[in-house]
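Visitor: Protein chains in written order, with the numbering used here: chain A, 37 to 151; chain B, 37 to 151; chain C, 37 to 151; chain D, 37 to 151.
Check before you lean on any hint, since a few could be wrong.
In silico negatives: residues of chain D with every beta carbon more than 12 angstroms from chain B [unchecked claim]:
no. : residue
1   : Ala49
2   : Phe50
3   : His60
4   : Leu65
5   : Ala77
6   : Thr99
7   : Arg139
Have a look at the derived ranges for each label pair, beta carbon to beta carbon [claimed, not checked]:
no. : chain 1 : residue 1 : chain 2 : residue 2 : range
8   : A       : Pro148    : B       : Asp41     : 22 to 28 angstroms
9   : D       : His142    : B       : Ala129    : 41 to 47 angstroms
10  : B       : Pro140    : D       : Thr99     : 30 to 36 angstroms
I should point out that these hints are in silico values taken from the structure, not numbers from a laboratory.
Backbone N, C-alpha and C define an ideal beta-carbon position, used for all residues, glycine too.
Number of protein chains: 4
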Amino acid sequence: MSDFDDLTERMRAFTRARDWEQFHDPKSLILALVGEVGELAELFQWLPADSAATLALEDPLRTRAAEELSDVLLYLVRLADVLEIDLPQAAVAKLASSEARFRPEHFHGTAPVKD
Amino acid sequence: MSDFDDLTERMRAFTRARDWEQFHDPKSLILALVGEVGELAELFQWLPADSAATLALEDPLRTRAAEELSDVLLYLVRLADVLEIDLPQAAVAKLASSEARFRPEHFHGTAPVKD
Amino acid sequence: MSDFDDLTERMRAFTRARDWEQFHDPKSLILALVGEVGELAELFQWLPADSAATLALEDPLRTRAAEELSDVLLYLVRLADVLEIDLPQAAVAKLASSEARFRPEHFHGTAPVKD
Amino acid sequence: MSDFDDLTERMRAFTRARDWEQFHDPKSLILALVGEVGELAELFQWLPADSAATLALEDPLRTRAAEELSDVLLYLVRLADVLEIDLPQAAVAKLASSEARFRPEHFHGTAPVKD
Numbered sequence: 037m038s039d040f041d042d043l044t045e046r047m048r049a050f051t052r053a054r055d056w057e058q059f060h061d062p063k064s065l066i067l068a069l070v071g072e073v074g075e076l077a078e079l080f081q082w083l084p085a086d087s088a089a090t091l092a093l094e095d096p097l098r099t100r101a102a103e104e105l106s107d108v109l110l111y112l113v114r115l116a117d118v119l120e121i122d123l124p125q126a127a128v129a130k131l132a133s134s135e136a137r138f139r140p141e142h143f144h145g146t147a148p149v150k151d
Numbered sequence: 037m038s039d040f041d042d043l044t045e046r047m048r049a050f051t052r053a054r055d056w057e058q059f060h061d062p063k064s065l066i067l068a069l070v071g072e073v074g075e076l077a078e079l080f081q082w083l084p085a086d087s088a089a090t091l092a093l094e095d096p097l098r099t100r101a102a103e104e105l106s107d108v109l110l111y112l113v114r115l116a117d118v119l120e121i122d123l124p125q126a127a128v129a130k131l132a133s134s135e136a137r138f139r140p141e142h143f144h145g146t147a148p149v150k151d
Numbered sequence: 037m038s039d040f041d042d043l044t045e046r047m048r049a050f051t052r053a054r055d056w057e058q059f060h061d062p063k064s065l066i067l068a069l070v071g072e073v074g075e076l077a078e079l080f081q082w083l084p085a086d087s088a089a090t091l092a093l094e095d096p097l098r099t100r101a102a103e104e105l106s107d108v109l110l111y112l113v114r115l116a117d118v119l120e121i122d123l124p125q126a127a128v129a130k131l132a133s134s135e136a137r138f139r140p141e142h143f144h145g146t147a148p149v150k151d
Numbered sequence: 037m038s039d040f041d042d043l044t045e046r047m048r049a050f051t052r053a054r055d056w057e058q059f060h061d062p063k064s065l066i067l068a069l070v071g072e073v074g075e076l077a078e079l080f081q082w083l084p085a086d087s088a089a090t091l092a093l094e095d096p097l098r099t100r101a102a103e104e105l106s107d108v109l110l111y112l113v114r115l116a117d118v119l120e121i122d123l124p125q126a127a128v129a130k131l132a133s134s135e136a137r138f139r140p141e142h143f144h145g146t147a148p149v150k151d
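The shape of chain A in the complex, shown without the other chains (with noise of 0.2 angstroms):
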C-alpha cells in the first residue's frame, strides 16, 4: 500500500472514530488547512530568509515544523478523499504539466511571473 493510500486510511479511521465526518465538508477541511497553513507561517515568519533553512535543522524549529507540515499533509489527504481525488496521480499529472509549460531553456534561472 502507498504511503498516501494508508494516510487515507489511517485519516479516515480517525474521523470515523470520533464521529466527525459530519464536520467535514470541503469549506470547513479548506479553513482547517489555512489554519495549519498559519501556524507553519508563524514559525518563519521573523526568521532571517537566508538562513531559515539552517535555522529548521536544529531543535525546537525542526520538531515544531516537522508537525505543522504534517498537519498541513493530514488535512490535505483528508480533503482529497472527501472530493474522491486521487492525489498522488493527480499531483504527477500537474508537475507534468508545468514542465511542459515552464520549459528549462526558457526559465532557466528566471521565477515565472504572476500577474
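Using the hints provided, position chains B, C and D relative to the given structure of chain A.
Guide: The following block gives chains B, C and D in isolation, referenced to the frame of chain A:
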C-alpha cells in the same frame, strides 16, 4: 519507491533543471504554498457548504480542485525536502499524537475547540 | 486624522519602540498576516455554515473573532505603510473597479466564478 | 464619517445591489479573504527578501500590490460588518493589549517567538 519519495525526486529534478533552488528558501516556499491554498479557497468560497462535495464530483470543478490540491502538495513536498523532513513518517507520528490527545470517548461527535 | 492614519501611526510607533523595523520586510509581514488569517479560520472552521454568524454574536467567539480580525488589520496596515500605499484610497479605487466589472444587471444573485 | 464607516457602507451597498448577502456567511468570507491573501503572497513569493520593499515601489508591482491589499481589506471590512464588530475600535484595543504584553524593555530588537 514510495509516492512521497517519487514526488520529492521529481520536484527536485524539476527545480534543478530550471536552476530554481535559489528561490526555494523556506519563507518563499511557504508563500508559494499560501498562493496555492488561496486558489483552492477561491474554487469553493461561494458554494453552498452542504452541496460543495457533490458539486466537486463533476467537471469543471473536479479537474480544477485536483489541480489546486496538487499544487499545494507539490510545494509541501518541496518544502519538506528543503527542510530535510521525512514527511510521511512525520505525518504518521503526528496522527498518532492526535489519536492519543483526542480520545474517541471524549470527543465523539464533538469538534475540538481552538482558543 | 482618519482611522487608517491613526492605526498606521500607532503601528509605526509600536514597531519603532521595539526596534522591530528590521523584521518588517514585505514577505515577513505577509507571513505574519497569513498566521493571523489562520487563527481566524480556526475559530470558524467547524461551525455550521448557516449558524456561524449568529454564534459569533455571543462570547467567547465574539471577543476572539474581534481579536483575530484586529490582528489581520494591524498587519495589513503595517504592510501598506512599508509599501507606501494609501490603503483607504486604494480600496475605494478597487471597489469602483469591481462595481464596473460586476454589473448588477449581469450578476444579480450570481456569484462570480473564478477559473 | 470615518474611512472604515465609509468602506463598510460601500461594501454593504455593493453587496445588496447584486443580492450577494446570501453568499456572505463568515466561513465563505474567510475563504474569500484567504483567496486574496494568496494572490498577495504570489506577488512577492520569489522576490529577494531584502529588496522586495524597494521593488514594490515601482510599477507594475506597486499597482498590483495596492490592488491585492485592497481586496484583503474589503473582505475584512465586509466580514467585520457581518459579525457586527467595530473593527477600528477593536484594532486599537488589540494594539493596546500588545503594547502591554510586549514591553519594549524586554523585546527590544527581539522578535516574539511563537510556540
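Visitor: Honestly, which of those hints from before does the structure not fit?
Guide: Numbers 3, 4, 5, 9, 10 - these are the hints that the structure violates, sorted from lowest upward.
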